[in-house]
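Participant: Guided by the hints, dock chain B onto chain A, whose structure is given.
2 protein chains.
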Amino acid sequence: MAAGEPTRIMVAVNESTLKGYPHASISSRGAFEWTLKKIVRSNTSGFKLLFLHVQVTDEDGFDDMDSIFASPEDFASMKHQNKIRGVHLLEYFVKQCHDIGIACEARIKNGDPKEVICHEVNRVRPDFLVVGSRGLGPFQRVFVGTVSEFCAKHAECPVITIKRSASETPQDPVDD
Amino acid sequence: MAAGEPTRIMVAVNESTLKGYPHASISSRGAFEWTLKKIVRSNTSGFKLLFLHVQVTDEDGFDDMDSIFASPEDFASMKHQNKIRGVHLLEYFVKQCHDIGIACEARIKNGDPKEVICHEVNRVRPDFLVVGSRGLGPFQRVFVGTVSEFCAKHAECPVITIKRSASETPQDPVDD
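In order, the protein sequences belong to chains A and B. Read the first sequence against the numbering used here and you will find it ends at 1660, with the numbers running on by one and no gaps. Read the second sequence against the numbering used here and you will find it ends at 1660, with the numbers running on by one and no gaps.
So here's chain A without its partners, still in its complex pose (with noise of 0.2 Å):
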């Protein structure tokens, strides 16, 4: 019960699937804000955020843009403007804990987020991870697949899953 190391809470992060809203998932928010309130409290010293945005590659970037690809350039440009929406989803979070004073890290890595997840908790194994979760039924999941009950069942480590409030759930529940 000592000071000690304090303990690190890996949280995953993801962007909003709704359209024109280049922010933080609800359930991302969500799991992150509920971590601070119900575990770290005003413990700020105890504990460590390490935060993990994975960006999926082959399908980020093509939602609300209609890009041809005439040159390698724009495969580029693309990448970058990719780069730069993950770079300001993790802003959201870093700052945050910045104005609380909790230690925080941020990395972005990409592939798919339920393998890419479990690989970093191999990797850099946090005492536990929290993800959110939209809290889909079982005939919504089997279509969109969840990444926190991957993460529950695979990643080597405990697993907090927050499933997304009943009032924050958009009109399509698959969005998030």
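Since the hints were made in silico from the structure, they are not lab data. It is possible that some hints are incorrect.
For identical chains, the list gives no copy identity; a pair is met inside one copy or between any two copies.
The list that follows gives simulated cross-link-like pairs (lysine-lysine, BS3-like), each with its CA atoms no further than 25 Å apart [to be verified]:
hint : residue 1 : residue 2
1    : Lys1647   : Lys1532
2    : Lys1579   : Lys1532
3    : Lys1521   : Lys1503
4    : Lys1647   : Lys1637
5    : Lys1563   : Lys1503
6    : Lys1647   : Lys1593
Facilitator: Frame of chain A; chain B shown alone:
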């Protein structure tokens, strides 16, 4: 981040299945110690632990008793013995909390542990639930079932499952 109400953590605990070891199971003791070390830390006034021990009425007490039931009193006596063991189990956890100075409550219920835990979550509304797990492989799980997996899926609050460490696994990993 202000003080406010403490975070209420329900901790499901059970007895060891090891013969001649009338104490908490390895996994529930591990889950409790993990919670203190990684979540509560030095912030003892920020949390309240709600211990829940579910006694399996049909199985308990037959292991090492070789009982013959010749009269209704024999059943009453067995129930009494079960109760004593349950109280002894909870005393262990409550005493530790008392020594550390963290608020707690403990209750004993009868029934199917996984069902009762989920029912108590609904009734008591903890902020989250901590359950220990033996960390069995898929093959072993088929035969013994796991309370933690059921709760992670069905409990109406966030659930964190703490796997028993490899170094504490008894000869037969189904034991606990």
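Participant: With reference to the structure, classify each hint as holding or not holding.
Facilitator: The hints, checked one at a time:
1. Taking the shortest alpha-carbon separations for Lys1647 and Lys1532, both the intra-copy value of 22 Å and the inter-copy value of 22 Å come in at or below 25 Å.
2. In this assembly of identical chains, Lys1579 and Lys1532 lie within 25 Å of each other by CA distance solely inside one copy; the values are 14 Å within and 30 Å between copies.
3. For the identical chains of this complex, Lys1521 and Lys1503 are neighbours neither inside a copy (29 Å) nor across copies (42 Å), given an alpha-carbon limit of 25 Å.
4. For the identical chains of this complex, Lys1647 and Lys1637 are neighbours both inside a copy (16 Å) and across copies (12 Å), given an alpha-carbon limit of 25 Å.
5. For the homomeric pair Lys1563 and Lys1503, the shortest alpha-carbon distance inside one copy (19 Å) is at most 25 Å, but the shortest distance between copies (61 Å) is not.
6. Proximity of Lys1647 and Lys1593 under a CA criterion of 25 Å is satisfied intra-copy only: 24 Å inside one chain copy versus 27 Å between copies.
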